[in-house]
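Colleague: Please build the complex by placing chain B on the supplied structure of chain A, with the hints as guidance.
Protein chains: 2
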Amino acid sequence: MLLCDIGNTSFHFYDGVTHYKESVSTFDIDNVTQTVYYICVNPNVIDVLTCKTNWIDLKPFVDYSKLYSTLGVDRAIISSYFENAVVVDAGSAITVDVMRQGEYQGGFIYPGVYHMRQCYANISSKLDYEFSFELDLDKIAFNSKDAISYGYLAPFVKEVKAYDLPIILTGGDGVKFKQLFKEARVDELLIFKAMKKVIDVNGSPA
Amino acid sequence: MLLCDIGNTSFHFYDGVTHYKESVSTFDIDNVTQTVYYICVNPNVIDVLTCKTNWIDLKPFVDYSKLYSTLGVDRAIISSYFENAVVVDAGSAITVDVMRQGEYQGGFIYPGVYHMRQCYANISSKLDYEFSFELDLDKIAFNSKDAISYGYLAPFVKEVKAYDLPIILTGGDGVKFKQLFKEARVDELLIFKAMKKVIDVNGSPA
Chain A
36 MLLCDIGNTS FHFYDGVTHY KESVSTFDID NVTQTVYYIC VNPNVIDVLT CKTNWIDLKP
96 FVDYSKLYST LGVDRAIISS YFENAVVVDA GSAITVDVMR QGEYQGGFIY PGVYHMRQCY
156 ANISSKLDYE FSFELDLDKI AFNSKDAISY GYLAPFVKEV KAYDLPIILT GGDGVKFKQL
216 FKEARVDELL IFKAMKKVID VNGSPA
Chain B
36 MLLCDIGNTS FHFYDGVTHY KESVSTFDID NVTQTVYYIC VNPNVIDVLT CKTNWIDLKP
96 FVDYSKLYST LGVDRAIISS YFENAVVVDA GSAITVDVMR QGEYQGGFIY PGVYHMRQCY
156 ANISSKLDYE FSFELDLDKI AFNSKDAISY GYLAPFVKEV KAYDLPIILT GGDGVKFKQL
216 FKEARVDELL IFKAMKKVID VNGSPA
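Here the protein sequences come in this chain order: A and B. In this text, residue positions in the first sequence follow our numbering: the first is 36, and each later residue adds one. In this text, residue positions in the second sequence follow our numbering: the first is 36, and each later residue adds one.
Isolated chain A, as found in the complex (with noise of 0.2 Å):
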């Protein structure tokens, strides 16, 4: 069975074995000729997968009613596969949703990585720096790299700590807000976890 994610920037394969990523300008989706199930959050190619009737997307048998219906699917999907948690997918967005006792209790949305440099750098070519992830939480800054890592990383992960709930890191970055939360649990293929027990519940949906 092969799983899709779609996102911003790549298409995400995960074919039960291995996954990997397809950029989305030069992919070429009739390249695939068996089914895929997929997710899709990126407006620009929605349109065009419609009329493949190979692609099947899993969004109408996610299960909406708990959530907000202009949630992303990939959010939504992954919500729902949880009772209690905070789930950071940090991916060209770092999007943030939490669980409690199984009800969505809602979620924000934060720039990823590589969009948040650029956007310092485009601010100022004095604030183009790499993040530091080794950064001390309780420490405000006395140079100008690390005045713009807790800039962008002090805040929110105190945020997301506030939740008090299990943290769950997933996405292209996730690993790499890991040093920011020890004790999260890092699970790159959770999209695809997630997938797969909405196939499972309602059947092969093909």
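You can trust all of the hints, since none of them are fake.
For chains that are exact copies, the list does not tell them apart, and a pair is met inside one copy or across any two.
Below 25 Å or equal to it, Euclidean Cα-Cα: the simulated DSS-like pairs (lysine-lysine) are:
1. K180 to K101
2. K193 to K213
3. K231 to K56
4. K161 to K101
Keep in mind that the hints were calculated from the coordinates and are not lab data.
Modeller: Frame of chain A, contents of chain B only:
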């Protein structure tokens, strides 16, 4: 006396009565013939001004002994102005600096409103929203617009409040943040008051 605070996007002048801005990209500094006391954090402008004899840089007169040497002169001069405060200077970048009992505690840099909005829009057209400053900070979001506003504003505001010091808002967007820091004092002319104090302490350094 003409004062000028030069940032990444504008020359901000104050003549003791009115203040006004000129764009960095279009302003001709040779239009000013009188003496100007200035501070400048814009690397593209600093070199040009050095050879203009009527433009007097205040940076050499700022006491950096309790600060760090790469701290922007605007942040240095404002921090030195207070004994106990968190200063939030909301311009193209938002700088936050903490003074406690006259000692600089450190600070951090966060993207300003305009650049952060661009940052979200660059990630996806679905994230292209104006921020809502009428946000309830105790309630994580249940729709996409609030998810962006919460992500940008809530962790930041909580961080600033956590220092438990008087909050001073300044910079072009300072007044926008007043809704989120109800107890804060807004002072658009703070930088000029701080510059004036440096001049008064040192005599007119012409």
